[in-house]
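*Asks:* Residue numbers (the numbering used here), protein chains in the order written: chain A, 1 to 297; chain B, 1 to 297; chain C, 1 to 297; chain D, 1 to 297.
Rather than coming from a laboratory, the hints here were simulated on the basis of the structure. Mixed in with the good hints, there may be bad ones.
Since the list can't tell identical chains apart, any single copy or any two copies may satisfy a pair.
[As the list claims (entries may be wrong)] Derived pair list, reagent style BS3-like, types lysine-lysine, alpha-carbon separation capped at 27 Å:
#: 1; residue 1: Lys238; residue 2: Lys38
#: 2; residue 1: Lys173; residue 2: Lys153
#: 3; residue 1: Lys228; residue 2: Lys124
#: 4; residue 1: Lys287; residue 2: Lys173
#: 5; residue 1: Lys228; residue 2: Lys153
#: 6; residue 1: Lys38; residue 2: Lys282
4 protein chains.
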Amino acid sequence: MKEKFFSGIYPYIVTPFNDKGHLKEGVLGDLVDHLIHKGVHGLTPLGSTGEGAYLDWPTKRRVIEVVVEAANGRVPVIAGVNNLTTHGAVYEAAETEQLGVDGILAVLPTYFPISDQQVAAHFKAIARAVSCPVVLYTNPKFATWDFTIDTLKVLVEENNIRYLKDASGNIGKLMSIVTAVGDRIKIFSASAHIPMFVFMLGGVGWMAGPACLIPEQSITLYEMACQKRWEEALNLQKQLWPLNVAFQRYSLAACVKAGLEMQGFPVGVPLPPQKQLDSEGKKIVEKILRDLGALNI
Amino acid sequence: MKEKFFSGIYPYIVTPFNDKGHLKEGVLGDLVDHLIHKGVHGLTPLGSTGEGAYLDWPTKRRVIEVVVEAANGRVPVIAGVNNLTTHGAVYEAAETEQLGVDGILAVLPTYFPISDQQVAAHFKAIARAVSCPVVLYTNPKFATWDFTIDTLKVLVEENNIRYLKDASGNIGKLMSIVTAVGDRIKIFSASAHIPMFVFMLGGVGWMAGPACLIPEQSITLYEMACQKRWEEALNLQKQLWPLNVAFQRYSLAACVKAGLEMQGFPVGVPLPPQKQLDSEGKKIVEKILRDLGALNI
Amino acid sequence: MKEKFFSGIYPYIVTPFNDKGHLKEGVLGDLVDHLIHKGVHGLTPLGSTGEGAYLDWPTKRRVIEVVVEAANGRVPVIAGVNNLTTHGAVYEAAETEQLGVDGILAVLPTYFPISDQQVAAHFKAIARAVSCPVVLYTNPKFATWDFTIDTLKVLVEENNIRYLKDASGNIGKLMSIVTAVGDRIKIFSASAHIPMFVFMLGGVGWMAGPACLIPEQSITLYEMACQKRWEEALNLQKQLWPLNVAFQRYSLAACVKAGLEMQGFPVGVPLPPQKQLDSEGKKIVEKILRDLGALNI
Amino acid sequence: MKEKFFSGIYPYIVTPFNDKGHLKEGVLGDLVDHLIHKGVHGLTPLGSTGEGAYLDWPTKRRVIEVVVEAANGRVPVIAGVNNLTTHGAVYEAAETEQLGVDGILAVLPTYFPISDQQVAAHFKAIARAVSCPVVLYTNPKFATWDFTIDTLKVLVEENNIRYLKDASGNIGKLMSIVTAVGDRIKIFSASAHIPMFVFMLGGVGWMAGPACLIPEQSITLYEMACQKRWEEALNLQKQLWPLNVAFQRYSLAACVKAGLEMQGFPVGVPLPPQKQLDSEGKKIVEKILRDLGALNI
Numbered sequence: 001m002k003e004k005f006f007s008g009i010y011p012y013i014v015t016p017f018n019d020k021g022h023l024k025e026g027v028l029g030d031l032v033d034h035l036i037h038k039g040v041h042g043l044t045p046l047g048s049t050g051e052g053a054y055l056d057w058p059t060k061r062r063v064i065e066v067v068v069e070a071a072n073g074r075v076p077v078i079a080g081v082n083n084l085t086t087h088g089a090v091y092e093a094a095e096t097e098q099l100g101v102d103g104i105l106a107v108l109p110t111y112f113p114i115s116d117q118q119v120a121a122h123f124k125a126i127a128r129a130v131s132c133p134v135v136l137y138t139n140p141k142f143a144t145w146d147f148t149i150d151t152l153k154v155l156v157e158e159n160n161i162r163y164l165k166d167a168s169g170n171i172g173k174l175m176s177i178v179t180a181v182g183d184r185i186k187i188f189s190a191s192a193h194i195p196m197f198v199f200m201l202g203g204v205g206w207m208a209g210p211a212c213l214i215p216e217q218s219i220t221l222y223e224m225a226c227q228k229r230w231e232e233a234l235n236l237q238k239q240l241w242p243l244n245v246a247f248q249r250y251s252l253a254a255c256v257k258a259g260l261e262m263q264g265f266p267v268g269v270p271l272p273p274q275k276q277l278d279s280e281g282k283k284i285v286e287k288i289l290r291d292l293g294a295l296n297i
Numbered sequence: 001m002k003e004k005f006f007s008g009i010y011p012y013i014v015t016p017f018n019d020k021g022h023l024k025e026g027v028l029g030d031l032v033d034h035l036i037h038k039g040v041h042g043l044t045p046l047g048s049t050g051e052g053a054y055l056d057w058p059t060k061r062r063v064i065e066v067v068v069e070a071a072n073g074r075v076p077v078i079a080g081v082n083n084l085t086t087h088g089a090v091y092e093a094a095e096t097e098q099l100g101v102d103g104i105l106a107v108l109p110t111y112f113p114i115s116d117q118q119v120a121a122h123f124k125a126i127a128r129a130v131s132c133p134v135v136l137y138t139n140p141k142f143a144t145w146d147f148t149i150d151t152l153k154v155l156v157e158e159n160n161i162r163y164l165k166d167a168s169g170n171i172g173k174l175m176s177i178v179t180a181v182g183d184r185i186k187i188f189s190a191s192a193h194i195p196m197f198v199f200m201l202g203g204v205g206w207m208a209g210p211a212c213l214i215p216e217q218s219i220t221l222y223e224m225a226c227q228k229r230w231e232e233a234l235n236l237q238k239q240l241w242p243l244n245v246a247f248q249r250y251s252l253a254a255c256v257k258a259g260l261e262m263q264g265f266p267v268g269v270p271l272p273p274q275k276q277l278d279s280e281g282k283k284i285v286e287k288i289l290r291d292l293g294a295l296n297i
Numbered sequence: 001m002k003e004k005f006f007s008g009i010y011p012y013i014v015t016p017f018n019d020k021g022h023l024k025e026g027v028l029g030d031l032v033d034h035l036i037h038k039g040v041h042g043l044t045p046l047g048s049t050g051e052g053a054y055l056d057w058p059t060k061r062r063v064i065e066v067v068v069e070a071a072n073g074r075v076p077v078i079a080g081v082n083n084l085t086t087h088g089a090v091y092e093a094a095e096t097e098q099l100g101v102d103g104i105l106a107v108l109p110t111y112f113p114i115s116d117q118q119v120a121a122h123f124k125a126i127a128r129a130v131s132c133p134v135v136l137y138t139n140p141k142f143a144t145w146d147f148t149i150d151t152l153k154v155l156v157e158e159n160n161i162r163y164l165k166d167a168s169g170n171i172g173k174l175m176s177i178v179t180a181v182g183d184r185i186k187i188f189s190a191s192a193h194i195p196m197f198v199f200m201l202g203g204v205g206w207m208a209g210p211a212c213l214i215p216e217q218s219i220t221l222y223e224m225a226c227q228k229r230w231e232e233a234l235n236l237q238k239q240l241w242p243l244n245v246a247f248q249r250y251s252l253a254a255c256v257k258a259g260l261e262m263q264g265f266p267v268g269v270p271l272p273p274q275k276q277l278d279s280e281g282k283k284i285v286e287k288i289l290r291d292l293g294a295l296n297i
Numbered sequence: 001m002k003e004k005f006f007s008g009i010y011p012y013i014v015t016p017f018n019d020k021g022h023l024k025e026g027v028l029g030d031l032v033d034h035l036i037h038k039g040v041h042g043l044t045p046l047g048s049t050g051e052g053a054y055l056d057w058p059t060k061r062r063v064i065e066v067v068v069e070a071a072n073g074r075v076p077v078i079a080g081v082n083n084l085t086t087h088g089a090v091y092e093a094a095e096t097e098q099l100g101v102d103g104i105l106a107v108l109p110t111y112f113p114i115s116d117q118q119v120a121a122h123f124k125a126i127a128r129a130v131s132c133p134v135v136l137y138t139n140p141k142f143a144t145w146d147f148t149i150d151t152l153k154v155l156v157e158e159n160n161i162r163y164l165k166d167a168s169g170n171i172g173k174l175m176s177i178v179t180a181v182g183d184r185i186k187i188f189s190a191s192a193h194i195p196m197f198v199f200m201l202g203g204v205g206w207m208a209g210p211a212c213l214i215p216e217q218s219i220t221l222y223e224m225a226c227q228k229r230w231e232e233a234l235n236l237q238k239q240l241w242p243l244n245v246a247f248q249r250y251s252l253a254a255c256v257k258a259g260l261e262m263q264g265f266p267v268g269v270p271l272p273p274q275k276q277l278d279s280e281g282k283k284i285v286e287k288i289l290r291d292l293g294a295l296n297i
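In isolation and in its complexed conformation, chain A is listed as follows (with noise of 0.2 Å):
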């Protein structure tokens, strides 16, 4: 295995559906050409954002498809595994490592509660079923369970296991994470935290759904972070952050996909019973994007 180090911007990518729930794979496309034009480093298809909990494997194998495809090797493409079995999630990593993407995140919603040993077993053998880099992911508002020191320790023994992306929000437990095992493993920030602090702390990127509202503030807050240029990185994201308290009010993927839509990408509404963003929330989101330069009408 070539070696590849993920950092930098990766929207996550919506899936663009019309009135049937079916996949629009044009607007797929064509918001992968646009991204990639406005400069992301990377694309996570069929993470939160990306519904990636809501989609049968024939759906999800057929986005991760076109983006691949439209994508053609410009930014590597970091593509949503998410399951809830074992079998299935370790079936579901193989194929789309056949797929031709670069790196597999790997999301574990639950039913039945769960526990810290079963945790670990479950991203072992996903890491195993795979040759790419793997991002571990972790949501504690939406499952039953949560990364444990103790269990990352044992999660960054496997060769692959790179990456985590943590999207409890609590900004002390990533800190601790990154005192515990920050040489071994790279945080990527999620929009439930303060992407620059993320970067204080040594994150490598931001792995989210508002990158797709916002490609190129979100890199231009990212570089400032690189270039350790602190003062105009926290006043940078002080503007964004009202994105951010709209995503907290409303859905996340209903925020974005309205966002898109305004944005001139037919990406449809998130798949019912999932929120729809009511027309109070649609003018709150237009005016931020209005306010942020990301709306030119």
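Got chain A sorted already, so can you dock chains B, C and D onto it with the hints?
*Replies:* Quick look at chains B, C and D alone, frame taken from chain A:
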């Protein structure tokens, strides 16, 4: 649609898998036959205990086909429909009905949180996709939503929404539901509840995992309740309770599958990363089954 | 210690306050007298409904004195001991016993989370500080701990720990407790439970706020249960349930105090910042009381 | 009221007790003197670490008197007001101001859940009972409420509500608060946050338990932040973090008290049933303090 009225003991039938996670169709058919011989009033494949949340549609389709074929009209089959999207649930519900079931059990797992309005719209859409009776299912411990009384008032307006299986364990909530909409919707007990108390509140049956292991005892309990022999029912209920205590302590599917293995049905274990029953748990389940006369060996 | 056995209806007597938050002793005495005339089997001041968690020791001491004096030995008084520290609880328990109560109800509110071992040590210390019987109290909705079966097994070894009031609303948990330690500890129902089902499990009484408003109906329910007239009890229980529905929807203390005001006892409102009953809530409580024959006006 | 502006390092001073739970006044005075000599900018008795939630008013009054007398005007004293009722909090706030403090920290523990409107009314009443500045406190992990942005917008209208100490650990929430009302209210960091990030967001100080143990290092961190020497601050913050990891793992008050004992202040242990630090925890705290140069022995 000829009116059917579902009542009595409906085992939440487990889904047997081999080590690779593939369905063991023969074992499933044998189990169906065994339970019908024991006198159960109906069968519910693909509930929680049936690991319905963990399976893809082709596997679920095959489970339904095997159960319907093995049941061969001897008892009603109410199959679980378990999908995170409304599009998916509507599709699976319609397909499930085509496979010859007598009713469906509508389960809604969640990833992102949803609102009451969306919950109502989801179940309405399912009900309208089929002509058979629909059993509503809620388990606030495993999902981020629960039916409010107001949501139930909306849903009972649908002609074929006729049953509710509440797995909250909160008997007071159930009494409030009976008080508000008890004339419009019938209640099935879950094992999170004490079945005989649900029977006392007017519950029409028990739809649950334990009945896979102790079908005869469950039937007896139900019959005592039908005849309002409450003292005897209470006495039997107390004898059966240690099985529920084990289920609460260990995982439900793991206990039922381990017990069925002891009874001679090689159903395997729950799909990882679900909890497996450890040797201590097996001893406890074995002792309980033996005490209840549910192990011949 | 002369053996006493507590059973029956023990109203969780409210604490009447004026607008400045001062105790209205006369009203409290009148209420005691009224409830005893109605036939209650005992009285429990300073429980949850009695706002025991909100009062300082001098006020609590005065409440106990007034209740003991007004009861004048006609019925047992079991007073709440509610303190965050073991030193404080031990002191208050000993003082409370000196004031002439017949038993104490030990409530443990929490600020920082605590472990099972500390829970056990706390209640042991209280039990050893008094010679009267102790009622254990748990409400996992309002505290960060709950009794495990293992903790209860330790606590029932204390000679004077004889009763448990579980306010979890989880009747299955209660059945598991009865199964494990039911021969060593007696159960009182809380209003979070359906009292007649707790009676069926062997519960010896109902210790709760609603009995302040409907003492006669509560006594009738208890007597039906003693005589195992389950069908009649069930019928009465259903009639009484709307009061519980109101309590769940609004705050318990607010409902009971508003109802008592309607019945002619100027007990005031719960101490702010606790929720007050709004005009809609008052109408609902008034209608329920009228339907139950508990309002003469 | 002469304008005072609070900023810098305010140790959450512990409350020393003997084995019987009685205040050790001499030790408390010594600790005040020690911390002032170390250069702290102010003192906060009766916060979480000060076990303010566990003490009765006479003890709290004595704590304030001792701290005010020992501080002797050298640094501001902001004392915690911690009472479940509005009547009680208003009384204690007014009394506390009379004892000569420079500001109060308003903490609202809960038993029954309360609504946003009641939260707002409670803090307003406290603010109006005093003329000194008020620090709002929230810890959603230990109470059933949290400040919404809307509630804060109401509260900053009060002339003397000028500071907020948020102990949620959710830095994104804090950034949203700064975005919404940052011009009207100043932020103090809690140890649940990473202080240097709160400083970057404009935070004016750190009000927390760890500063009892490492006052000089805390002051240095604050000074680096004032001078925007972010790289150095980040480096120091990383060195200090293991102390926070220990606090998260064990109890806060237990860690600080154990560390102070090691430093020669016989402050005793947290009042039972709070968690005590076990021997393993003591070794960890000792090693961390030694590594930070905070143990001379």
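*Asks:* For every hint, state whether the structure bears it out.
*Replies:* These are the hints, each one checked on the structure:
no. : hint             : in the structure
1   : Lys238 to Lys38  : within (22 Å within a copy, 35 Å between copies)
2   : Lys173 to Lys153 : within (14 Å within a copy, 29 Å between copies)
3   : Lys228 to Lys124 : neither (35 Å within a copy, 42 Å between copies)
4   : Lys287 to Lys173 : between (33 Å within a copy, 21 Å between copies)
5   : Lys228 to Lys153 : neither (29 Å within a copy, 34 Å between copies)
6   : Lys38 to Lys282  : within (24 Å within a copy, 53 Å between copies)
In this structure, the earlier hints numbered 3, 5 are contradicted, and the remaining ones agree with it.
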